[in-house]
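A.B. asks: Each protein sequence line maps, in turn, to chains A and B. For the first sequence, position 352 (counting from the first letter as 1) is numbered 354 according to our numbering, and the numbering increases by one without interruption. For the second sequence, position 67 (counting from the first letter as 1) is numbered 69 according to our numbering, and the numbering increases by one without interruption.
Since the hints were made in silico from the structure, they are not lab data. Watch out, some of these pointers could steer you wrong.
[To be verified] Partial list, derived from the structure: chain B residues whose beta carbon lies under 8 Å from chain A:
| no. | residue |
| --- | --- |
| 1 | R30 |
| 2 | P139 |
| 3 | P275 |
[Claimed, not checked] Covered stretches of chain B, as calculated for chain A (at least 3 residues, CB under 8 Å):
| no. | stretch |
| --- | --- |
| 4 | 93-99 |
| 5 | 140-153 |
| 6 | 225-237 |
| 7 | 318-329 |
For clarity, every value in this text was computed on a predicted model and none was experimentally measured. Note that the Cβ used here is the ideal one computed from N, Cα and C, for glycine as well.
Protein chains: 2
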Amino acid sequence: MQSVKVAIVGLGTIGSGVARLLLQQGDRIARHAGRPVELAYVVDKDTRRERNVTLPEGLLIDDLDRVIHDPEVKAVVQVIGGVEPARSIMLRLLEGGKDIVTANKALLAECGPELFDRARQLGRSIAFEASVGGGIPIITGIGQCLSANQIESIHAILNGTSNFILTEMDQKGTEYANAVAEAQHRGYAEADPTMDVDGSDAAQKLSILAQLAFGARVNWRAIPRIGIDTVQVVDLRFARQFGYHVKLLAVAEMVPEGLELHVAPTLVRHGTPLAEVRGAYNAIRVVGDAVGKVFFHGLGAGQNPTASAVVADLIDTIVGRTAITFKNLDLWSDVREEQVSPRDPAKIPGRFYLRFHVDDCLGAMAEIAGVLGGCGISIASLIQHEAPEQGSDPKPNGGPKSNSGTVPLVIMTHNAREGDIRRAVEQIEALPFVHPGSVRLRVRD
Amino acid sequence: MQSVKVAIVGLGTIGSGVARLLLQQGDRIARHAGRPVELAYVVDKDTRRERNVTLPEGLLIDDLDRVIHDPEVKAVVQVIGGVEPARSIMLRLLEGGKDIVTANKALLAECGPELFDRARQLGRSIAFEASVGGGIPIITGIGQCLSANQIESIHAILNGTSNFILTEMDQKGTEYANAVAEAQHRGYAEADPTMDVDGSDAAQKLSILAQLAFGARVNWRAIPRIGIDTVQVVDLRFARQFGYHVKLLAVAEMVPEGLELHVAPTLVRHGTPLAEVRGAYNAIRVVGDAVGKVFFHGLGAGQNPTASAVVADLIDTIVGRTAITFKNLDLWSDVREEQVSPRDPAKIPGRFYLRFHVDDCLGAMAEIAGVLGGCGISIASLIQHEAPEQGSDPKPNGGPKSNSGTVPLVIMTHNAREGDIRRAVEQIEALPFVHPGSVRLRVRD
Numbered sequence: 003m004q005s006v007k008v009a010i011v012g013l014g015t016i017g018s019g020v021a022r023l024l025l026q027q028g029d030r031i032a033r034h035a036g037r038p039v040e041l042a043y044v045v046d047k048d049t050r051r052e053r054n055v056t057l058p059e060g061l062l063i064d065d066l067d068r069v070i071h072d073p074e075v076k077a078v079v080q081v082i083g084g085v086e087p088a089r090s091i092m093l094r095l096l097e098g099g100k101d102i103v104t105a106n107k108a109l110l111a112e113c114g115p116e117l118f119d120r121a122r123q124l125g126r127s128i129a130f131e132a133s134v135g136g137g138i139p140i141i142t143g144i145g146q147c148l149s150a151n152q153i154e155s156i157h158a159i160l161n162g163t164s165n166f167i168l169t170e171m172d173q174k175g176t177e178y179a180n181a182v183a184e185a186q187h188r189g190y191a192e193a194d195p196t197m198d199v200d201g202s203d204a205a206q207k208l209s210i211l212a213q214l215a216f217g218a219r220v221n222w223r224a225i226p227r228i229g230i231d232t233v234q235v236v237d238l239r240f241a242r243q244f245g246y247h248v249k250l251l252a253v254a255e256m257v258p259e260g261l262e263l264h265v266a267p268t269l270v271r272h273g274t275p276l277a278e279v280r281g282a283y284n285a286i287r288v289v290g291d292a293v294g295k296v297f298f299h300g301l302g303a304g305q306n307p308t309a310s311a312v313v314a315d316l317i318d319t320i321v322g323r324t325a326i327t328f329k330n331l332d333l334w335s336d337v338r339e340e341q342v343s344p345r346d347p348a349k350i351p352g353r354f355y356l357r358f359h360v361d362d363c364l365g366a367m368a369e370i371a372g373v374l375g376g377c378g379i380s381i382a383s384l385i386q387h388e389a390p391e392q393g394s395d396p397k398p399n400g401g402p403k404s405n406s407g408t409v410p411l412v413i414m415t416h417n418a419r420e421g422d423i424r425r426a427v428e429q430i431e432a433l434p435f436v437h438p439g440s441v442r443l444r445v446r447d
Numbered sequence: 003m004q005s006v007k008v009a010i011v012g013l014g015t016i017g018s019g020v021a022r023l024l025l026q027q028g029d030r031i032a033r034h035a036g037r038p039v040e041l042a043y044v045v046d047k048d049t050r051r052e053r054n055v056t057l058p059e060g061l062l063i064d065d066l067d068r069v070i071h072d073p074e075v076k077a078v079v080q081v082i083g084g085v086e087p088a089r090s091i092m093l094r095l096l097e098g099g100k101d102i103v104t105a106n107k108a109l110l111a112e113c114g115p116e117l118f119d120r121a122r123q124l125g126r127s128i129a130f131e132a133s134v135g136g137g138i139p140i141i142t143g144i145g146q147c148l149s150a151n152q153i154e155s156i157h158a159i160l161n162g163t164s165n166f167i168l169t170e171m172d173q174k175g176t177e178y179a180n181a182v183a184e185a186q187h188r189g190y191a192e193a194d195p196t197m198d199v200d201g202s203d204a205a206q207k208l209s210i211l212a213q214l215a216f217g218a219r220v221n222w223r224a225i226p227r228i229g230i231d232t233v234q235v236v237d238l239r240f241a242r243q244f245g246y247h248v249k250l251l252a253v254a255e256m257v258p259e260g261l262e263l264h265v266a267p268t269l270v271r272h273g274t275p276l277a278e279v280r281g282a283y284n285a286i287r288v289v290g291d292a293v294g295k296v297f298f299h300g301l302g303a304g305q306n307p308t309a310s311a312v313v314a315d316l317i318d319t320i321v322g323r324t325a326i327t328f329k330n331l332d333l334w335s336d337v338r339e340e341q342v343s344p345r346d347p348a349k350i351p352g353r354f355y356l357r358f359h360v361d362d363c364l365g366a367m368a369e370i371a372g373v374l375g376g377c378g379i380s381i382a383s384l385i386q387h388e389a390p391e392q393g394s395d396p397k398p399n400g401g402p403k404s405n406s407g408t409v410p411l412v413i414m415t416h417n418a419r420e421g422d423i424r425r426a427v428e429q430i431e432a433l434p435f436v437h438p439g440s441v442r443l444r445v446r447d
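Please model the entire structure based on the sequences and the hints provided.
C.D. replies: This is the structure we're talking about:
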């Protein structure tokens with residue numbers, strides 16, 4: 003059967019992985035695509051840099067127009083990061099009649115509506131399995147396999163870098179800064195890891211999942227998010243004492259008042275699948291009204307897992323599955339009648355973990371409990387003593403500076419509204435015997 | 003847009019769930035299918051029995067020919083259990099020009115080659131997501147989403163009934179027979195649970211996954227299998243002491259000598275995702291050469307999860323995705339050049355858990371160690387004392403009959419071949435101080 007020509011635009015880590023898979027596993031890919039898939043062009047503005055893939059002579063070019071004007075190229079893997087020039091290039095490729103496969107979650111989170119509208123106008127498709135969860139098939143999972151369900155909730159670990167850092171801190175007692183350095187050393191974190199650790203990356207991915215599962219057109223910047231830079235080793239230890247691990251959890255959940263959306267370090271109960279996700283892995287727990295709970299777990303980043311998802315999308319695009327899916331999903335479209343609006347985060351109820359740094363004086367506990375009670379918050383359990391396991395660990399524990407005579411006071415609340423918790427914490431921090439630097443984390447049972 | 007007519011054949015538990023989903027969620031399904039899906043017929047030989055679904059007047063009929071001869075019916079959900087008459091009915095439907103959606107793993111495990119060949123000849127398709135893992139999208143996961151990978155291994159918990167029974171035994175110390183009764187009481191187990199607990203159901207599902215992932219045409223009866231009826235509460239307790247849970251594990255793994263296939267109660271290390279699968283859940287751990295480890299977890303049976311998978315298949319069939327997938331997967335076809343042949347189980351190496359029931363006499367240990375050494379098997383660790391936690395548990399522990407003066411001797415081996423283990427166990431059981439009823443379980447680290 004006649005072969006089909008494809009191109010890769012952007013020869014970074016992911017592009018190199020995709021090129022290698024296409025070049026080395028041609029037979030396998032031809033079998034699944036029903037015909038040979040010929041990598042005809044690889045486009046990058048830098049054609050000289052060394053990459054960990056060997057391309058045949060002449061394949062790597064810096065002229066995008068050659069791809070756009072070659073009518074035999076039907077599908078393009080566009081794996082340039084960031085918003086521009088990725089956006090303009092994608093629009094030009096769509097206008098040139100190409101179907102797109104991308105892994106760029108920032109671009110979709112930012113310009114999804116524009117790009118999808120344009121693709122629809124032009125009768126083209128955009129496949130984006132690799133944009134969320136790396137090699138985990140969560141886009142197909144929700145968009146195709148769970149299509150008989152109304153999705154009720156998504157609870158997910160979507161940033162492998164953060165999960166690696168939290169795992170290092172939790173298992174080895176490594177301080178935050180050192181754990182970040184280790185993540186950089188292993189290639190999990192960028193030189194500037196801000197987008198990973200402040201929850202932005204997870205919020206971008208969550209906005210894509212929320213669009214897919216709930217038809218919610220949410221700007222990712224509007225998703226309340228707290229990063230893991232607020233978490234200290236001492237909090238991981240107290241959490242363990244209560245029976246929890248701390249995870250950077252991205253949540254999208256339909257509640258009667260609307261759609262709850264947020265990203266925050268969260269105490270997740272020990273023994274539940276999400277709590278046991280270690281290292282650079284991602285995981286997504288989806289609840290559908292027919293299927294119940296379904297849980298996906300795998301490598302959320304990295305050259306090969308991401309290339310696995312990109313090439314699967316490319317095969318789907320070549321055989322025609324993507325065109326069908328794209329037409330029926332109505333992603334980022336205005337077709338849906340009922341629009342889902344995000345809920346006011348201040349009104350979202352839940353349990354909370356609070357840590358205060360207080361002078362070790364009689365009555366401190368009573369006064370703090372009084373403030374909480376005054377805000378309608380009741381205490382479920384409480385720890386007031388030196389940081390745990392201090393004796394058994396000779397290393398600095400990453401906890402608060404040990405002002406002599408001050409102790410951590412840790413409180414787990416019953417259900418409370420985030421707004422009430424914020425108000426209570428402000429009042430407590432104003433008390434004379436409470437030092438700055440209190441910590442507030444959500445709890446998920 | 004014009005609606006499409008579909009039919010359900012077989013109004014048992016799954017058929018009722020599918021009918022309810024189609025009737026109650028018409029808008030949702032129409033949105034994903036791109037047009038209204040009309041349930042035109044429900045066929046069952048018994049039209050009078052009460053079911054937990056209310057069908058519109060005249061929908062339920064006992065005459066299959068009306069479906070076969072209605073040219074407007076394009077797709078049929080065939081959810082009759084067992085091999086016959088399910089096989090004959092499926093052939094008649096295919097010959098009548100209908101695409102098929104089925105949940106019947108026994109039928110596919112038994113007659114997959116015949117049915118798929120016939121469907122191909124007739125230009126029709128068979129979708130079977132619900133045949134393995136209930137609501138977990140494992141068929142699409144492997145067949146479509148991981149299509150860029152060579153699958154290297156599958157380790158799976160595919161029988162929810164067995165997992166429920168093992169969980170009850172492990173967590174509550176319930177004896178095997180009582181745990182089976184509880185499973186029946188909750189509707190997880192049939193009146194005759196033989197196919198569930200003896201590993202046959204898991205072997206049928208494994209044969210389907212092996213076909214999908216490795217192109218292996220394996221008759222499920224040829225898959226070596228051991229059921230959970232060989233496991234006692236005392237073994238679960240010893241396993242815990244070594245740091246393991248016992249799971250009924252279905253394994254398909256490519257090794258240099260061929261494809262390893264088996265179903266057996268297996269010690270799985272505590273803290274790994276498979277070990278933490280509780281109750282009636284299923285889970286599948288897939289390793290692909292690009293994606294690495296991917297783990298799927300969800301309800302493996304039950305009316306609604308299974309209906310979720312069936313209706314997703316039905317939507318895929320209506321929109322045309324199934325036809326594409328079916329054509330490119332070459333399932334149960336003779337197209338593949340290299341046939342994968344199962345490996346001789348006697349040669350499969352691994353670690354083993356052995357429990358012997360011995361007279362408490364000096365030298366027993368030494369003599370048993372001698373036999374193992376003679377068969378080339380070395381001991382990794384060993385427990386010789388009364389059954390654990392006996393003092394803390396007033397109930398009978400389900401262990402071996404307590405002949406006065408006899409004790410359990412538990413051994414964990416280093417890597418050994420199954421054939422050598424079998425030979426050693428035979429020799430040990432022939433020793434004068436060893437009583438009948440020794441236990442041999444595989445260990446997976």
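A.B. asks: Quick check: which numbered hints come out false for this structure?
C.D. replies: Those not satisfied are hints 4, 6.
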